[in-house]
Amino acid sequence: MKLRFASGWIAAALLLAQSSAAEAHIVAARLGDFYMGALHPFTDLRDIILWTATGVLAGSLGASRGRWLILVFPLGLLAGLQIGRTFGTPPTELVDAAMALVMGLMLAAAARIPTSLLCAMAFALAAIRGAASGTDLGANTDRLLFAAGLACAGYVFITLTMALTVVFLRTEPGGPASWRTIAVRALGGWIAAIGLMMASLVLAT
Amino acid sequence: MLTHPAFAHDQVGVAGGLVSGLLHPVTGIDHLIAMVAVGIWGAQLGAPAIWVLPVTFPLVMAIGGVLGVLRIPLPMPEVVIAVSALVLGIAVATRLRLPFGAAAAVVAVFAIFHGHAHGAELPGSANPLAYGVGFVTATGLLHLCGILIGTLTRWPVGERVIQGLGAGIAGLGCYFLAQGVGALA
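Protein chains in written order, with our numbering: chain A, 249 to 453; chain B, 423 to 607.
Hints in this document: simulated from the structure, not taken from any laboratory.
Hints are not guaranteed to be accurate.
[Said to hold, decoys possible] Examples of chain B residues toward chain A, derived with CB under 10 Å:
| id | residue |
| --- | --- |
| 1 | Ile451 |
| 2 | Pro550 |
| 3 | Thr561 |
All values derive from a computational prediction rather than experimental measurement.
C-beta: ideal position from N, C-alpha, C; glycine also.
Input sequences plus hints: build the corresponding full structure.
Take a look at the structure:
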């Protein structure tokens, strides 16, 4: 019994010693550019803050108004990527800060903005961030795959954030405003405060 | 054998900025007690202060942060920060009932001074945006802690505990004030 056990260990050790690196990663098949596009926004705090603000603002306005962003936001990212490629991308720090401030204030004030204004703001924000994302593209990066990854990430993130906000804010019909409304408004205050700090840090440098 | 690890290095990068920003309001006792006291006082005052303050407080504090980052000086910042702990501690200990506008104005002035200190002490090598995110988050969470502690007012024993806490905060404020005016070495 002991001998069989020992021989099993030896066989396993031999197999491990002969193993080579797996080539199963999709990165090697150039689909890495897709994942590069999909992950790029999550490596930048500005994208995380602004995308979250957009999703929560849309969700706070309700599913009927917010659902337009499912289409508008990824399209804005793609448009921005193309605009950035054609015309170049100037520094966007101050605009990013202003957008965080405005969206945060709207959330904090529980402003009921019209759907057209929400869509216009979301498209502009997505276009600016899309253009900024394009600045990190390398010469060998497959632009189509990168754009597809970026658009998919935008679609998934905005849809999930919006849906979570809608569910979080769902109250009984005719019921009083709950602590959940206050929590979302407080988050708006935080985002506006971060926007204000961003603006001052840009101006200071 | 008796040496301690050196903490001379600035936190660097995004992670460093986040950590610095999160820890800054927590590690300064004068800031920490004032932030918690604002939350407790808001809970004692009830509506609308209990929900208006969490929404507006970080924003007003960020205005102070902007002044600090831009190096716009405020008069006697250390003294005012100590006074804030003293005044807010007394307000909690005595259950001071001010009209909402007056209470908001008092808190706003103190918030600007606290924010100024955080903005002025931004570490050079840390990612500034990450520092801002950490600082706003920590401030908001401290405020939330204060509100949660303030809910103890529903019970008579809890009310006494909170008033005792207020007295402690006022006492610490006195200590910091004495330090600020140079009465203590």
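**Report entry** In rising order, the numbers of the hints this structure does not comply with
**Finding:** 1
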